[in-house]
Amino acid sequence: MAMTTPKVEVGFDLTDQPAAPFFRLDDNVQGRLDNTEYRLGGVLFYDVTDRVRSIDMGRGRAQTFTTFPAGQLDIELNNHDRAFDPLYSASPFAGAIVPQVEVRVSVNDERTFTGLAEDWDLSYTNDGDSTAAIKGVESISNLNRRVLPQFTPSEETADSRINTILDRDEVQWPSSLRDIESSAELMGAYQVESETSVLEYLQNISLSEPGSFFMSKDGKLVFRNRQTAPTSADLVTFGTGGIAFDNLRVIYGSELLFNQVIINRYTGGTVTATDQVSVNSYGLNDLTIEDSQAATDAQLVPVAVGLASLFSEPEYRVDAFDVQLHKASLSDQNTVLGLEIGDVVLMEFTPNNIGDSIAQYGQIIRIDHTLTPNFHTVTFGLEELRYQPIVLDDAVFGKLDVGTLSW
Numbered sequence: 010m011a012m013t014t015p016k017v018e019v020g021f022d023l024t025d026q027p028a029a030p031f032f033r034l035d036d037n038v039q040g041r042l043d044n045t046e047y048r049l050g051g052v053l054f055y056d057v058t059d060r061v062r063s064i065d066m067g068r069g070r071a072q073t074f075t076t077f078p079a080g081q082l083d084i085e086l087n088n089h090d091r092a093f094d095p096l097y098s099a100s101p102f103a104g105a106i107v108p109q110v111e112v113r114v115s116v117n118d119e120r121t122f123t124g125l126a127e128d129w130d131l132s133y134t135n136d137g138d139s140t141a142a143i144k145g146v147e148s149i150s151n152l153n154r155r156v157l158p159q160f161t162p163s164e165e166t167a168d169s170r171i172n173t174i175l176d177r178d179e180v181q182w183p184s185s186l187r188d189i190e191s192s193a194e195l196m197g198a199y200q201v202e203s204e205t206s207v208l209e210y211l212q213n214i215s216l217s218e219p220g221s222f223f224m225s226k227d228g229k230l231v232f233r234n235r236q237t238a239p240t241s242a243d244l245v246t247f248g249t250g251g252i253a254f255d256n257l258r259v260i261y262g263s264e265l266l267f268n269q270v271i272i273n274r275y276t277g278g279t280v281t282a283t284d285q286v287s288v289n290s291y292g293l294n295d296l297t298i299e300d301s302q303a304a305t306d307a308q309l310v311p312v313a314v315g316l317a318s319l320f321s322e323p324e325y326r327v328d329a330f331d332v333q334l335h336k337a338s339l340s341d342q343n344t345v346l347g348l349e350i351g352d353v354v355l356m357e358f359t360p361n362n363i364g365d366s367i368a369q370y371g372q373i374i375r376i377d378h379t380l381t382p383n384f385h386t387v388t389f390g391l392e393e394l395r396y397q398p399i400v401l402d403d404a405v406f407g408k409l410d411v412g413t414l415s416w
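Position 5 of the sequence shown, counting from 1, maps to 14 under the working numbering, and the rest follow consecutively.
Everything labelled a hint here was simulated from the structure, so no lab data went into it. Take the hints with a grain of salt, since some may be wrong.
With a straight-line cut-off of 20 Å between C-alpha atoms, the simulated EDC-like cross-links for lysine to aspartate or glutamate are [claimed, not checked]: (1) Lys144 x Asp65; (2) Lys229 x Asp352; (3) Lys144 x Glu165; (4) Lys336 x Asp136; (5) Lys16 x Glu85; (6) Lys229 x Asp176; (7) Lys144 x Asp94; (8) Lys16 x Asp56; (9) Lys336 x Asp65; (10) Lys144 x Asp22.
In this text the structure is predicted, and so the values were computed from the model without any measurement.
Use the sequences and the hints to build the structure in full.
Right, dumping it as structure tokens:
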């Protein structure tokens with residue numbers, strides 16, 4: 010058992026700083042022609058881990074049927090020498106301590122967060138215990154600052170529509186930072202209004218599938234369609250026979266009980282699906298999805314019927330649990346750190362060691378980290394895996410009582 014090894018890097022542009030490791034004319038070392046060590050300038054990532062006091066980072070969403078907001082990052086740094094004070098000219102980072110610089114965090118050499126520093130908050134005390142706090146956010150937040158002009162896209166699949174938007178001059182998101190899964194669902198040729206937020210539009214396209222749109226821990230925009238199939242290969246188990254967990258939270262109730270689903274198509278019709286048996290038992294609980302970008306009303310029918318069927322009963326769901334990573338073996342640490350939003354895990358536990366054990370498959374929808382020099386807690390948020398398709402020949406998800414045929 011050993012403490013994890015975090016690493017915090019900040020992307021500073023120190024091109025004009027004499028001490029920066031860039032090419033310098035007439036310098037005997039940095040001015041050599043044809044060298045491969047000193048480039049002309051630009052952003053370099055500087056390791057500031059030795060100054061870190063604590064790290065808090067959270068990515069993901071709270072529950073099903075909501076969009077994925079930009080993840081948040083808080084890093085507290087020692088600032089006794091005013092290294093992170095933008096007004097201190099003798100700082101090694103002078104002139105580069107500005108909002109929107111890139112920040113990336115790794116643990117045990119596994120990337121856990123990629124984003125931007127939105128704010129630098131400084132605190133100075135009379136006894137000299139001074140700190141700098143980086144308030145960071147995932148880079149996907151920049152898409153909310155960019156807006157689209159009025160235009161009408163062609164009818165195309167959800168993945169093509171997402172790539173169309175990311176390719177536009179107003180966005181220009183690098184293709185190397187995309188992980189867009191193919192989709193069979195057609196999006197209609199509907200006019201996009203002027204000043205429409207790029208992020209809100211892409212989230213609407215994802216919900217129209219319905220699928221998932223979020224940023225990966227290594228900085229890629231990710232789209233997963235609703236037919237994404239889980240696999241039992243490398244399935245991680247927590248609890249009985251697996252990695253130890255702590256503070257398990259279970260929800261049982263009507264939080265995700267929907268027995269009437271209403272989907273409105275943008276400029277089109279409305280489809281309603283109702284599970285009357287569930288309504289008779291629990292009363293009416295409706296879910297409304299507005300402004301679907303689907304090309305036809307017919308596309309909405311299997312979605313509405315599927316949702317009304319799958320969510321018509323109260324759920325017993327493992328909502329969240331913690332892993333005390335500093336108490337885990339290096340192997341288990343790396344297994345936990347390798348998990349990503351969308352991955353499937355197995356929870357096995359016996360409450361208070363009373364009665365039968367409970368086994369439940371869940372899909373990760375949120376990952377939070379809290380680190381100090383003495384402890385590292387990872388919190389996973391889950392949604393119950395009850396709407397995934399059957400996977401032929403899979404040892405777990407090929408069983409009739411685990412997956413569903415399709416919807």
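Verification of the hints:
A threshold of 20 Å between alpha carbons decides the hint, and for Lys144 with Asp65 the separation of about 10 Å falls inside it, so the pair holds. Distance hint between Lys229 and Asp352 is fulfilled; the C-alpha atoms sit about 16 Å from each other, no more than 20 Å. Distance restraint check for Lys144 and Glu165: the Cα-Cα separation of roughly 38 Å exceeds the 20 Å cut-off, and the hinted pair is therefore not satisfied. Straight-line distance between C-alpha atoms of Lys336 and Asp136 comes to about 34 Å, which puts the hinted pair past the 20 Å bound.
Among the hinted pairs, Lys16 with Glu85 is consistent with the structure: their alpha-carbon atoms are about 13 Å apart, no more than 20 Å. With a CA separation close to 15 Å, the supplied pair Lys229 and Asp176 stays within the 20 Å bound. Distance hint between Lys144 and Asp94 is fulfilled; the C-alpha atoms sit about 15 Å from each other, no more than 20 Å. Restraint check for Lys16 and Asp56: satisfied, since their Cα atoms lie roughly 7 Å apart, inside the 20 Å limit.
In summary, the hint linking Lys336 to Asp65 is supported, as the alpha carbons are separated by about 18 Å, within the 20 Å threshold. With a CA separation close to 19 Å, the supplied pair Lys144 and Asp22 stays within the 20 Å bound.
This entry does not satisfy hints 3, 4, going by the numbered hints stated previously.
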